[in-house]
Amino acid sequence: MPPPAPAERDLRLDLFRGIALWLIFLDHIPSNVVSWVTIRNYGFSDATEIFVFISGYTAAFVYGRAMRERGAVVAGAHILKRAWQVYVAHIFLFVIYLAEIAYVSRSFENPLYAEEMGIFDFLRQPDVTLLQALLLKFKPANMDVLPLYIVLLGGFAPFLWLLLRQPALALTISVLIYALSWQFGWNLPGYPDGSWVFNPFAWQLLFGFGAWCALGGADRLGPLVRSPVVTALAAAYLAFAFAIVMTWYFPRYGHFVPKFLSDWMYPIDKTNLDVLRFAHFLALAILTVRFIPRDWPFLKSPALRPAILCGQNSLEIFCLGVFLAFAAHFAMVEVSEAVAAQAIVSALGIAAMIAVARLITWYKTVEGRSPGSRSSRDADLAGGEA
Amino acid sequence: MTTFIIALLAVLAATAAAAGDNQACAVAAHFISPDHPLPRVKAAIADKRLDVVVVGSASSRLDGATDNQKAYPARLEAALAERLPGVAVKVVAYARPRETAALMAQQIERSLSADKPALVVWQTGTVEAMRRIDMDQFQAALEAGFAAAQSGKSDIILMNMQYSPRTETMIAVPPYAETMRFVALQHEVLLFDRFAVMRHWSELGTFDFVEATKKIDTAARVHDCIGRLLADLIVQAAMIRGSSAHNGKSP
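Line order of the protein sequences matches chains A and B.
Sequential numbering from 1 applies to the first sequence in my numbering.
Sequential numbering from 1001 applies to the second sequence in my numbering.
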């Protein structure tokens, strides 16, 4: 029997998804001094893992309930509608990207960059470029997360159906697909070359694991997570990852990494969600769950409210973040690249994300109060399933 | 992002000497450190004849300047000749636009038998980043090039991408640059970090990389500086201990 859905929303999810959205924004601004604070600089995994895991968790939480209450077909339709919304959002961002690249191609010229300006060749064949973008094959830099999410949602309904009946089997299948994708090099094709930067066959593991945790898996893992041995192992692994990452920044210490270890470890593959990255995320999650309880009073404090609001409106705020990263870089190039300017655009960007999240939450509240909109109140509780 | 690392690198890069006549170039010299020796170059210098092959894509050229005389391969030849009096220095460049690392690895193999250089300078990565070629493929191509140099009895220096602020949001350079750094580190190959050097120049205001211009002046100065820094790296790496002449393989 599936366990009953928890009545109250777990604010930790919103909090960490909100923080992940800020970190993704900061990481997407090239040459940004502020991005030194983001977790990717201190371990193997980065904010993408947090975002995908929590997205799987909330998707299962929201659509799992819908599937139990209204049946698989209706819930499946809801999931596909969400995938469609994400697709439209992605294409919208792509248009903004095209506008930027078209502007730069007309206004910028420099013999030093004859080679780099080849990136504007895409504009010479708008028919091909647009078609490949609509097919999710052509994806500009930093626009790879939403296509992953679209594909994950696209395949989510049958997985959720199985998860509600045979959670262990569903998780096993997820692990199996991950293993097979490594074994046989499965990935979706990209354009003009290569394949997807976030391999959906590999990254579905994190999404599926998040969904499994949401539907009772987390309770099953509870005793394990609380054991001191596991906590110690997680802490030790984080320390190990930190030490390894430091040798990347200070290559002179690289020789402290034994040859057999570096041969086995490198490259740490982000595209295919390297096991080391997955384990790093798990270690982070274990320590987080252990030291930040669900009813942690600070979760209700005004200081954390901005991050929670961003996490509750994640699709909108994610898209905004991608756009703001473009805009911030543009401002840095046009106006100033000074460290102070980088700090200012980073802070302004996060402030804009918070302001828009507040606005959307306000709007949802207003809508939810209007008569005949019970379902939108539910959606509000779900807080943006993306 | 860089100030922190710059400060530490400046301290750590004890061996980096700010050589070079041009002050402007030398401000980035601490990004260039001879971490690995170049035994064949050392032997070639001792034999008074140094042949270098540059294999690269369009950023190893400077079209518009006569015969690419202002591009860094030609500047490297001049700078090496200046630093190595009495040595016959020759630099041959194979730089073709849009060429991938996989094709360049084949070019390296051909040049090794045709030109018999003591050193190959391999500039690559930009085409891969623009076309978003699979990282596995890129890594395999790099390893093929290194293996070719190894079996052709030549030293090799890898050079990464240019720092290009205008196209930074459009070309995903960092993951490809990271792969180059890893593969170079694992195979004990010297990396000329052109990206870091140019970004440092940009931060210090040495060069303005966002200026829109048709003129070639700035580009020529940048290439000249890159040629000088590369010459410094080559000479330093050939002099460090461990560069025993006639050594069969890299130590």
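A couple of the hints might just be wrong.
Okay, the calculated bits of chain B under chain A, using three or more residues with CB under 8 Å as the criterion [what the hints assert, rightly or not]:
| no. | segment |
| --- | --- |
| 1 | 1035–1049 |
| 2 | 1052–1061 |
| 3 | 1129–1135 |
| 4 | 1215–1222 |
With a Cα cut of at most 25 Å, we get these calculated SDA-like pairs of lysine to any residue [claimed, not checked]:
| no. | chain 1 | residue 1 | chain 2 | residue 2 |
| --- | --- | --- | --- | --- |
| 5 | B | Lys1215 | B | Pro1165 |
| 6 | A | Lys259 | B | Ala1144 |
| 7 | A | Lys259 | B | Pro1175 |
| 8 | A | Lys137 | A | Gln183 |
| 9 | A | Lys364 | A | Ala89 |
| 10 | B | Lys1215 | A | Lys259 |
| 11 | A | Lys137 | B | Glu1178 |
| 12 | B | Lys1215 | B | Ala1078 |
| 13 | B | Lys1048 | B | Pro1165 |
| 14 | A | Lys137 | B | Ala1078 |
| 15 | B | Lys1215 | A | Gln183 |
Just so you know, these hints were derived from the structure itself, not from any lab.
By construction, the Cβ of each residue, glycine as well, lies at the ideal position given by its N, Cα and C atoms.
Right, here's what the structure says about each hint:
1. 1035–1049: It is violated, with 1 qualifying residues against the three required.
2. 1052–1061: holds (count 4)
3. 1129–1135: Satisfied; 6 residues make the cut.
4. 1215–1222: Held - the segment 1215–1222 of chain B has 5 residues with a Cβ nearer than 8 Å to chain A, which meets the minimum of three.
5. Lys1215(B) / Pro1165(B): holds, 18 Å
6. Lys259(A) / Ala1144(B): holds, 21 Å
7. Lys259(A) / Pro1175(B): Roughly 23 Å between the alpha carbons, so the hint for Lys259(A) and Pro1175(B) holds.
8. Lys137(A) / Gln183(A): Given that 25 Å is the threshold and the Cα spacing comes to 23 Å, the pair holds.
9. Lys364(A) / Ala89(A): Judged against 25 Å, a Cα distance of about 19 Å means the pair holds.
10. Lys1215(B) / Lys259(A): violated, 48 Å
11. Lys137(A) / Glu1178(B): holds, 24 Å
12. Lys1215(B) / Ala1078(B): holds, 23 Å
13. Lys1048(B) / Pro1165(B): Since the Cα atoms of Lys1048(B) and Pro1165(B) sit roughly 41 Å apart, the hinted pair is violated (cutoff 25 Å).
14. Lys137(A) / Ala1078(B): violated, 46 Å
15. Lys1215(B) / Gln183(A): Given that 25 Å is the threshold and the Cα spacing comes to 52 Å, the pair is violated.
When each numbered hint is compared with the structure, violations occur for hints 1, 10, 13, 14, 15.
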